[in-house]
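Residue numbers (the working numbering), protein chains in the order written: chain A, 2 to 212; chain B, 2 to 212.
Do not take every clue at face value.
Repeated chains share a single entry, so a pair holds when one copy, or any two copies, can fit it.
Said to hold, decoys possible - Below are the SDA-like pairs computed for lysine to any residue, each with C-alpha atoms no more than 25 Å apart in a straight line:
id: 1; residue 1: 63; residue 2: 159
id: 2; residue 1: 211; residue 2: 78
id: 3; residue 1: 192; residue 2: 37
id: 4; residue 1: 184; residue 2: 133
id: 5; residue 1: 63; residue 2: 151
id: 6; residue 1: 187; residue 2: 136
id: 7; residue 1: 63; residue 2: 155
id: 8; residue 1: 187; residue 2: 24
id: 9; residue 1: 196; residue 2: 90
id: 10; residue 1: 29; residue 2: 155
id: 11; residue 1: 63; residue 2: 163
id: 12; residue 1: 63; residue 2: 202
id: 13; residue 1: 23; residue 2: 99
id: 14; residue 1: 184; residue 2: 81
id: 15; residue 1: 63; residue 2: 87
id: 16; residue 1: 187; residue 2: 140
id: 17; residue 1: 192; residue 2: 138
id: 18; residue 1: 192; residue 2: 181
id: 19; residue 1: 192; residue 2: 152
id: 20; residue 1: 211; residue 2: 50
id: 21; residue 1: 196; residue 2: 62
id: 22; residue 1: 211; residue 2: 81
id: 23; residue 1: 63; residue 2: 99
id: 24; residue 1: 187; residue 2: 27
id: 25; residue 1: 211; residue 2: 137
id: 26; residue 1: 63; residue 2: 196
id: 27; residue 1: 192; residue 2: 89
id: 28; residue 1: 184; residue 2: 59
id: 29; residue 1: 187; residue 2: 133
id: 30; residue 1: 187; residue 2: 155
These are computed hints drawn from the structure, not numbers from a lab.
It should be emphasised that the depicted structure is a prediction, and the values quoted were computed from it without experimental measurement.
2 protein chains.
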Amino acid sequence: MILYDCDIAPNPRRARMFIAEKGLNIEKIEVDIIGGENLTESFLSINPRGLLPVLELDDGTKIDEVMAICRYLEEIYPENPLLGSTPLEKARVEGYQRKMEFDGMIAVSEAFRNNAENERFSYRSLPGRDGTSAIEGLVERGLNTLDNFYIWLERYLTENEFVAGNNFTMADITAFVAVDFSKWVKRKIPKENTKTLEWYNKVSLRGSAKA
Amino acid sequence: MILYDCDIAPNPRRARMFIAEKGLNIEKIEVDIIGGENLTESFLSINPRGLLPVLELDDGTKIDEVMAICRYLEEIYPENPLLGSTPLEKARVEGYQRKMEFDGMIAVSEAFRNNAENERFSYRSLPGRDGTSAIEGLVERGLNTLDNFYIWLERYLTENEFVAGNNFTMADITAFVAVDFSKWVKRKIPKENTKTLEWYNKVSLRGSAKA
């Protein structure tokens, strides 16, 4: 298998953390998003949407969308589950993962991409090939959603040791990557959110945090 | 089990179609989103985010987020799978479902909620409790994304009989609901998209289409 990857980009990082948590060793090919390599004909033949990450299987089949890649890897390497074990756990991971993605990842992405100061992105309000012009109001909306992300995350981590319950799961990976991504819009964990700070430090010590 | 539902809302409809395809009979409680019942203390005690649908299990456990509900039901009623059978199918359903959701459902939602003509929603650019003011530029961005939704959907249905492959899955449910939802912003399947029209007519004949 080959992972089409981009070192600085948050969605490929979610896939890399998942792969590291599974203890897998998958060849990586770096694609330069900043230089626009993801929108060249060459890369569009791998993923016509121009998005990363993409997992290429040994028979040439391509899987795009980070959660689809994780689902595939969870199915073929079920040990050390990251998407839940019981039906209820699987549902919880699905739900909390999505919350962390919408509240965190997408909020930062909106606030960052639509900020006119970020010239490289200001012509691409949405990622990939189908992007449109920046929309100023999305900076404020993104930052508001991000404030709520930190409120909800603290609440979840007050209820449980990890985001979706008592086990480390994909919901933690997405939340952790979103916290780091939020530095791109000059946000960080509020200092009064002690449960979140404790969780962040704990996750930082996992080997996968460096992936 | 109880499904907290809203007859006119597209996300609850996705859950209802999934339940109907599984042949399940689940009690439904209608929540009046238009009247703001989802933002009352009473409903916020069921889902603190104020969103529908919510599945309440017999022990009182609540599952929110439509895909989390579907994941739970798929796990406890695995017959007639709607989220894929093999690892690759599961990954494909995950990926295509998300594409149909982002390109279709979310695009219509953005175009509809941010249109100042829709007064009931114009103070809620995002659904649920954490909504913010309408952002005019999102109407055009939403409609552009929706145009791309129809282009991609036609492409997928040219490659395969159903959205994610040769079987009817959750990706078809999301795409079908998105097509109907797009009428809210005065869009429909372009008449030259013959594969999509054929697929739409076929899905319309399924019992679940009326759910």
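Here's how the hints hold up against the structure:
1. 63 <-> 159: between (39 Å within a copy, 18 Å between copies)
2. 211 <-> 78: Within one copy only: 21 Å inside a chain, 39 Å across chains, cut-off 25 Å.
3. 192 <-> 37: neither (37 Å within a copy, 35 Å between copies)
4. 184 <-> 133: The answer is both: 24 Å in one copy and 22 Å across copies each meet 25 Å.
5. 63 <-> 151: between (34 Å within a copy, 22 Å between copies)
6. 187 <-> 136: both (19 Å within a copy, 23 Å between copies)
7. 63 <-> 155: For residue 63 and residue 155, only the inter-copy Cα distance (20 Å) is at most 25 Å; the intra-copy one is 37 Å.
8. 187 <-> 24: Classified as neither: same-chain Cα gap 32 Å, cross-chain 49 Å, threshold 25 Å.
9. 196 <-> 90: Cα proximity of residue 196 and residue 90: one copy only (22 Å, versus 38 Å across).
10. 29 <-> 155: Classified as neither: same-chain Cα gap 34 Å, cross-chain 32 Å, threshold 25 Å.
11. 63 <-> 163: between (32 Å within a copy, 18 Å between copies)
12. 63 <-> 202: neither (35 Å within a copy, 30 Å between copies)
13. 23 <-> 99: Cα proximity of residue 23 and residue 99: in one copy and across copies (21 Å, 24 Å).
14. 184 <-> 81: neither (30 Å within a copy, 44 Å between copies)
15. 63 <-> 87: between (29 Å within a copy, 15 Å between copies)
16. 187 <-> 140: within (12 Å within a copy, 28 Å between copies)
17. 192 <-> 138: neither (27 Å within a copy, 35 Å between copies)
18. 192 <-> 181: within (15 Å within a copy, 46 Å between copies)
19. 192 <-> 152: within (12 Å within a copy, 46 Å between copies)
20. 211 <-> 50: neither (28 Å within a copy, 33 Å between copies)
21. 196 <-> 62: between (42 Å within a copy, 24 Å between copies)
22. 211 <-> 81: The answer is within: 19 Å in one copy meets 25 Å, while 41 Å across copies does not.
23. 63 <-> 99: Both. Shortest intra-copy (23 Å) and inter-copy (16 Å) distances satisfy the 25 Å Cα cut-off.
24. 187 <-> 27: For residue 187 and residue 27, the Cα distance exceeds 25 Å both inside one copy (33 Å) and across copies (46 Å).
25. 211 <-> 137: neither (33 Å within a copy, 40 Å between copies)
26. 63 <-> 196: Intra 39 Å, inter 24 Å, cutoff 25 Å: inter-copy only.
27. 192 <-> 89: Neither way: residue 192 and residue 89 sit 33 Å apart in one copy and 43 Å across, limit 25 Å.
28. 184 <-> 59: neither (36 Å within a copy, 42 Å between copies)
29. 187 <-> 133: both (24 Å within a copy, 21 Å between copies)
30. 187 <-> 155: Result: close within a single copy only, 19 Å intra versus 41 Å inter.
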